[in-house]
Amino acid sequence: MKERLIITHPGSAHFDEITAISLILAVFPDIRFNVERREPTQEELDDEHIWVVDVGDQHEPEKLNFDHHQSLSCPASFILVARHLGLSEIMEVLPWWQFKDSVDRYGPVKSSEIFKAGDDLVNRSPVEDWLTVSFAHDPQGSLSILKSFGAYIIGHARTLKSQIDFWKTCRRLVISGVPAMIGETSESAGLEEFRRLVDDPPDVVISHARRGEGWRLFRYEGTAVDFSLIADSPQIEFAHKSGFMAKTEGLVPIEDVITLVSRAVTGS
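Position one of the sequence shown corresponds to residue 5 (the numbering used here), numbered consecutively onward.
Hint data in this document are derived by calculation from the structure and do not stem from the laboratory.
Calculated pairs, DSS-like style, for lysine-lysine (alpha carbon to alpha carbon, straight line, at most 27 Å):
#1 Lys172 <-> Lys120
#2 Lys165 <-> Lys120
#3 Lys6 <-> Lys67
#4 Lys151 <-> Lys165
#5 Lys67 <-> Lys151
Pairwise CB distance ranges (calculated):
#6 Asp260 <-> Cys78: 50 to 56 Å
#7 Ile258 <-> Ala121: 34 to 40 Å
#8 Leu9 <-> Ser246: 52 to 58 Å
#9 Glu217 <-> Gly122: 36 to 42 Å
#10 Arg87 <-> Asp260: 47 to 53 Å
#11 Pro14 <-> Trp100: 24 to 30 Å
#12 Asp34 <-> Cys78: 28 to 34 Å
#13 Lys6 <-> Leu255: 51 to 57 Å
#14 Glu43 <-> Arg215: 55 to 61 Å
#15 Arg214 <-> Asp142: 39 to 45 Å
#16 Phe170 <-> Phe32: 28 to 34 Å
Heads up, the beta-carbon is just placed ideally off N, CA and C, and yes, glycines get one too.
Kindly produce the complete structure, drawing on both the sequences and the hints.
Next comes the structure, spelled out in structure tokens:
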């Protein structure tokens, strides 16, 4: 088995280098990596077989140098590593990808303002804190879990990308003034990410029910639709009392479903 060295900065560990290293470990599962947390020498920066991550003041992918501290306009190291590994297109669909890049460059408070993510407190994760502290104390002993983490986020991103591509092909329509979408699937993964990516996101989604037969009617918060208004329809098996979703009794004709949604539009 080949052995390779990864060098990253000493001191406190951060999400940035941990994620970058996790991606490297996941993409090269047959290589035994050793991690050293220290400043690299010039000889190591010039060695194209040594990964230097989040340290060294150099971004030279051809030499496996992935630091970003030399320029505020340079993305975080995990972004640079993902780009080098050919993962950017799929990883960018992850809802936290750009936010975490911003946190590493500009800090959590400013990033929370930029992304309208609320108080910085809501963006803190005890799991992330534990992982960074564990890596700082025992980098070599943490590699197994980092490898698993890297494999997970790559797999999750691929699934999301596939689902987003599916939602892009779905029928779009306007029902009584409300933008809607019909998806012939019971899988809801990727919907939130799809809505963030398009300029005219659907406020109502019609898809197959997750349990049993039937259509699932779902509306997003702030939409003038109340599905509890159609609870008495013989075609409705269930309508949530808060009005955010309903389920039809079997896969009734789609035109009937559109009519049901129209009846649920507030004021129609």
